[in-house]
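Engineer: Sequence:
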Amino acid sequence: MITMSHSATIAAETHAEPKAKVRNLSLDRARTFLTLVVLLHHAVIPYTHFGHTDPASWIGFDIIVLATDSFFMAMFFFLSGLFTWPGIARKAPQVFLRDRLLRLGLPFAVAAFTVIPLAYYAIALREDPELTFAAFWWKTVTSGPWPSGPIWFVWVLLAFDLTASLLYRVSTHLVDPGNRISIRGFKQPAAFWLMLAVVTIIAYVPALVYFGANRWFEFGPFSVQASRILLYFAYFFIGVSVGAANFDRGILSADGQLPNSRWLWVIVTLIPYCLMWCMIYIKREILDNPDVLPHWYHVFYGTFFALFSASILLAILAFFLHSKTPGPTLLDRMQADAYGMFLVHYPIALWIQYALFDYELPAIVKAAIGFVLTVMLSWGVTAGLRKIPGASHVL
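When you read off a place in the sequence shown, starting at 1, and then add 13, the result is the number in the numbering used here.
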């Protein structure tokens, strides 16, 4: 147990002025790993029961997609928030705004007009082989629909960053409660997990009950899943709190208890994951896949979803914090290009799937080809784009 004197010290230290952080190898690797998870998700989803846009399918991909869809974007927001508070503290408001617009706003705008129409043209061409790209592009940006694909994350992160900047001007101490729990998590990761679970259940379950799982807020290319927007902000702001001060004394310290209990968190993660599958069985076999699910179903499923997301976040970070592998590893070499790979991979993935559609190959073979080629090509494209003068400041 934390002593009273240590608790007092923690309370005082959370008011410390945020400081600039040096690069954290473990978190860089975790972020790059998540980028590969995104590419894997999009490589296998056509071959699942849920996606099934290809004649081939495999139940193993449903197992993967249920897991990835339930945590990876929330974890991205958590990692994105970690160094936000110190960044706001170091920069004047107009400088912070300029930097965020350059890093997030500009790539989103460019991708919305180029990458996304190119990606969805592969799907439209399957339905209408005579459709030209020019006609499809014009319809997309004028009358719509104008889906955002995975780049919705970029504009939402920009909105969260600007919200954090405003909150910082209101009070620099808004993050103190979360920061104190992070510091307590140095010795007691379960305390941090409990806070994360409770906050995200409160943020997610009521919204899931109200909106359902399939409702999206959409305005042109600006879209976000209605039931998850508060969940994502909760992860982002908790990340902000963790990174606000005393980072080396908190839950994500390599010297803390979290890395030492990594296998325990794997077990904890499996429990809500299995319960999510139980709920899916109930939906399909007992409720007969109704168009509108009862509220009690959303309450149970949403709770298990939030518990799984919180648990796997700690499990993954525990393994990366524990790893002492000297660099450069493959993840280290890919790190500088990971953001660009996220931005450009979607049309590559969809056009590879378009090319493989008519081949009678097992789903595992198609997905493996798609994943490997998507990684290689998106990495190559990003590396080439980053050689353009000034592009490395954006990508």
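Since the hints were derived computationally from the structure, they do not count as laboratory data.
From the three backbone atoms N, C-alpha and C, an ideal C-beta is built for every residue, glycine too.
Any given hint could be a false lead.
To be verified - Pairwise CB distance ranges, derived in the manner of DEER restraints:
1. D268 <-> F230: 40 to 48 Å
2. K337 <-> I299: 44 to 52 Å
3. V305 <-> Q270: 40 to 48 Å
4. L243 <-> D371: 28 to 36 Å
Claimed, not checked - Derived DMTMM-like pairs: lysine to aspartate or glutamate, alpha-carbon spacing no greater than 25 Å straight-line:
5. K152 <-> E140
6. K104 <-> D189
7. K200 <-> D189
Engineer: Just tell me: holds or violated, for the beta carbon distance of L243 and D371 against 28 to 36 Å?
Structural biologist: violated (43 Å)
Engineer: Holds or violated: 40 to 48 Å for the Cβ distance of V305 and Q270?
Structural biologist: holds (44 Å)
Engineer: Just to be sure I understand the hint, the distance between the Cβ atoms of D268 and F230 should be within 40 to 48 Å; is that true here?
Structural biologist: The hinted range 40 to 48 Å holds for D268 and F230, with Cβ atoms some 42 Å apart.
Engineer: Check the hint pairing K200 with D189 against an upper bound of 25 Å on the C-alpha distance.
Structural biologist: Between K200 and D189 the Cα gap is close to 18 Å, so the pair holds against 25 Å.
Engineer: Checking one constraint from the list: CA of K104 to CA of D189, max 25 Å. Satisfied?
Structural biologist: holds (20 Å)
Engineer: Are the Cα positions of K152 and E140 separated by 25 Å at most?
Structural biologist: holds (15 Å)
Engineer: If I claimed the Cβ atoms of K337 and I299 lie 44 to 52 Å apart, would that claim hold in this structure?
Structural biologist: holds (48 Å)
Hint 4 from the earlier list is the only one contradicted by this structure; the remaining hints agree with it.
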